[in-house]
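Let the hints inform the model, and build the full structure from the sequences given.
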Amino acid sequence: MSQLQWIWNYMKGRHAVFTAGLILAGLTAGMCIINPMLARKLIDEVIMPRNTVPLIPLLIAMMAVQLIRLGLRYLMVILMELSSTAVMTDIRQDMYEMVQRQDFRFLGRFPTGNLMTRMTQDLDRLRHTVAWVSYQFVDAVVLFGSTFTFFMFVNWRLALCLVTVTPFILYISHRFKKRLRPRFQLLRKKLTELGTAVTENIDGNRVVKAFAREDYEMEHFEKFNADFRDTSCENALIVAKYQPLLETASQLLIIVTLVVGGYFLINEWMTAGQYLAFSSLIWALAGPLRMLGPLLADMERYTASGEMIREVVEAPPGISDAAGAAELTQRPAGKIEFRNVSLSINGAPVLDNVSFTAEAGSTLGILGSTGAGKTSLINLLTRFYEPDSGQTLLDGFEIGRYTLSSLRRHIGIAMQDVFLFSDSVKGNISYGIREPDEEKIRRRAVQADADGFIRGMNEGYETLVGERGVGLSGGQRQRIALARALAVEPAVLILDDTTSSVDSETEQYIQEQLKKLDFPCTKIIIAQRISSFRGADLILVMDRGRIIERGTHNELIALRGFYHHIWSLQNNAGVEALGGSAANGAEKNH
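First residue of the sequence shown? That's 14 in my numbering, and the numbers climb one at a time after it.
Heads up, some of the hints might be wrong.
[Stated by the list, open to error] Computed cross-link-like contacts, SDA-like style, restricted to lysine to any residue with a CA-CA straight-line distance of at most 20 Å:
no., residue 1, residue 2
1, K191, P180
2, K254, N238
3, K54, N168
4, K528, N471
5, K191, K54
6, K529, P307
7, K54, L72
[What the hints assert, rightly or not] What follows is a set of in silico ranges between Cβ atoms, one per label pair, in the way DEER data are often shown:
no., residue 1, residue 2, range
8, A253, S293, 28 to 34 Å
9, K236, R352, 46 to 52 Å
10, E518, L120, 34 to 40 Å
11, E232, F369, 28 to 34 Å
12, E232, Q18, 40 to 46 Å
13, L88, Y109, 31 to 37 Å
14, L120, P180, 47 to 53 Å
15, P180, V66, 44 to 50 Å
16, S292, L88, 28 to 34 Å
17, G158, D228, 56 to 62 Å
18, D531, L120, 34 to 40 Å
19, A571, S544, 36 to 42 Å
To be clear, the hints were calculated from the coordinates, so they are not data collected in a lab. Because the structure is a prediction, the values reported are computed rather than measured. Glycine is no exception: its CB is placed at the ideal position from the N, C-alpha and C atoms.
Okay, structure coming up:
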């Protein structure tokens, strides 16, 4: 599908408004020849024969034509703006909805800065094309066509002499367009890289400051900024090279009119009125030809931006509801089962033939080194990824039989990498609740040991949290995230290293609260500290995408394997982070 057809399909009921705008653009362009026609009559029938009778009517007609043209032009601008703004709003909405529906694989392909550039600058270029370039193109074509027709009617010999210049202009325009297309695609790529660099630097501002890398980041940004500048300058040089050629070629029309028209006038092959009509309207031929350069540049910008936008809007759908998927209307009991599940991401194996069962209402602990596949398990349970093979079941049924929204409504997640919205504390905790209840919010905050520090804030639960929770400690953010997960009263509660930033006393308090929740749920606890799931009904020890040990705490201690090794380190040498040395020690034990 071409870019023009794609945009036309997006008009959806606005075809009449957009078409009316284009018709008015053509009509007002065509009206440009009326006053030169009247001027010719003024010269040939009023001034030359000194006949003053038609003078006043001709002047009134010329003024009326100009006023009507201006009014229609104003209406045309309104129609083009309304239609283009509405279309861009729909495209932006579709882009946003597409991003919301996509899975993690899609988001891995398109960084935040990349998507932001597409949804802002690219869309603005597209709107400019629909609102202005399209009408300017129609305006130029109609103006050139009507003027040439008028010239042929007035004096066909001089009109044909003027047309001899146009092949040179069309050739230059073709070369111009051919050079511009790849250059604007490259410029668009450089702009995306620049936007990504800026977004990443802002998101990682704390890390930059913590490592005193401001100078490095400024140099890093300068590189992207210089690349964008150089590409922009190279494009400007191409425009500067071809635009004077187009200007010069279009000016030849004026020279032809002066020389050839003057010769015709001397030899009485045309009247003074006809010559005036040509000389006063020659801009209507030269103007559209002169505009070819800017119009082609705008069209190439539009093509580059349109391709970037369509890449998002027309991206293959990510994980979505299966055909015939049913709503999970009743609260599930929470029994979880993985049967021979394998997963690879970007060609790299992440999980290898994983099988386990967590009974409803039980507590499942997952331990393993970084990259062992712990988080990938919960990503499959929430259908952030789909397995390459195997089955993931909830209460004995494959989770794919349920709609994504109804499945995820019954799963509460609190992760180590906490994201808080720029909203109040209450708004963040109640994010997953359709009808927030202040008593419930406070109760969940108490269970997450967050109520104390929240009440100590200036405005309590109404305190606004900065972007990503700026101003809160890591432990405070984690406890708010835990309260948010508890607030939805899920059938399955997932805690992915949720207490890694809190002290042992707070962790013990949270564990006690989780044991006496006022709603039934299956708990999955991923942690580096064995103390986080000592009372778990089942503990899985993972390494390189496989389950290498399973059992209760006492059973795993008795095995004297990987779990025992980590337990020894954390109890005898203090709490240590689970790293490569631990994994190597476990391999020796096996």
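Quick rundown of the hints versus the structure:
no.: 1; hint: K191 - P180; in the structure: holds, 17 Å
no.: 2; hint: K254 - N238; in the structure: violated, 24 Å
no.: 3; hint: K54 - N168; in the structure: holds, 15 Å
no.: 4; hint: K528 - N471; in the structure: violated, 32 Å
no.: 5; hint: K191 - K54; in the structure: violated, 45 Å
no.: 6; hint: K529 - P307; in the structure: violated, 70 Å
no.: 7; hint: K54 - L72; in the structure: holds, 11 Å
no.: 8; hint: A253 - S293: 28 to 34 Å; in the structure: holds, 31 Å
no.: 9; hint: K236 - R352: 46 to 52 Å; in the structure: holds, 50 Å
no.: 10; hint: E518 - L120: 34 to 40 Å; in the structure: holds, 37 Å
no.: 11; hint: E232 - F369: 28 to 34 Å; in the structure: violated, 49 Å
no.: 12; hint: E232 - Q18: 40 to 46 Å; in the structure: holds, 45 Å
no.: 13; hint: L88 - Y109: 31 to 37 Å; in the structure: holds, 32 Å
no.: 14; hint: L120 - P180: 47 to 53 Å; in the structure: holds, 51 Å
no.: 15; hint: P180 - V66: 44 to 50 Å; in the structure: holds, 46 Å
no.: 16; hint: S292 - L88: 28 to 34 Å; in the structure: holds, 31 Å
no.: 17; hint: G158 - D228: 56 to 62 Å; in the structure: holds, 60 Å
no.: 18; hint: D531 - L120: 34 to 40 Å; in the structure: holds, 35 Å
no.: 19; hint: A571 - S544: 36 to 42 Å; in the structure: violated, 18 Å
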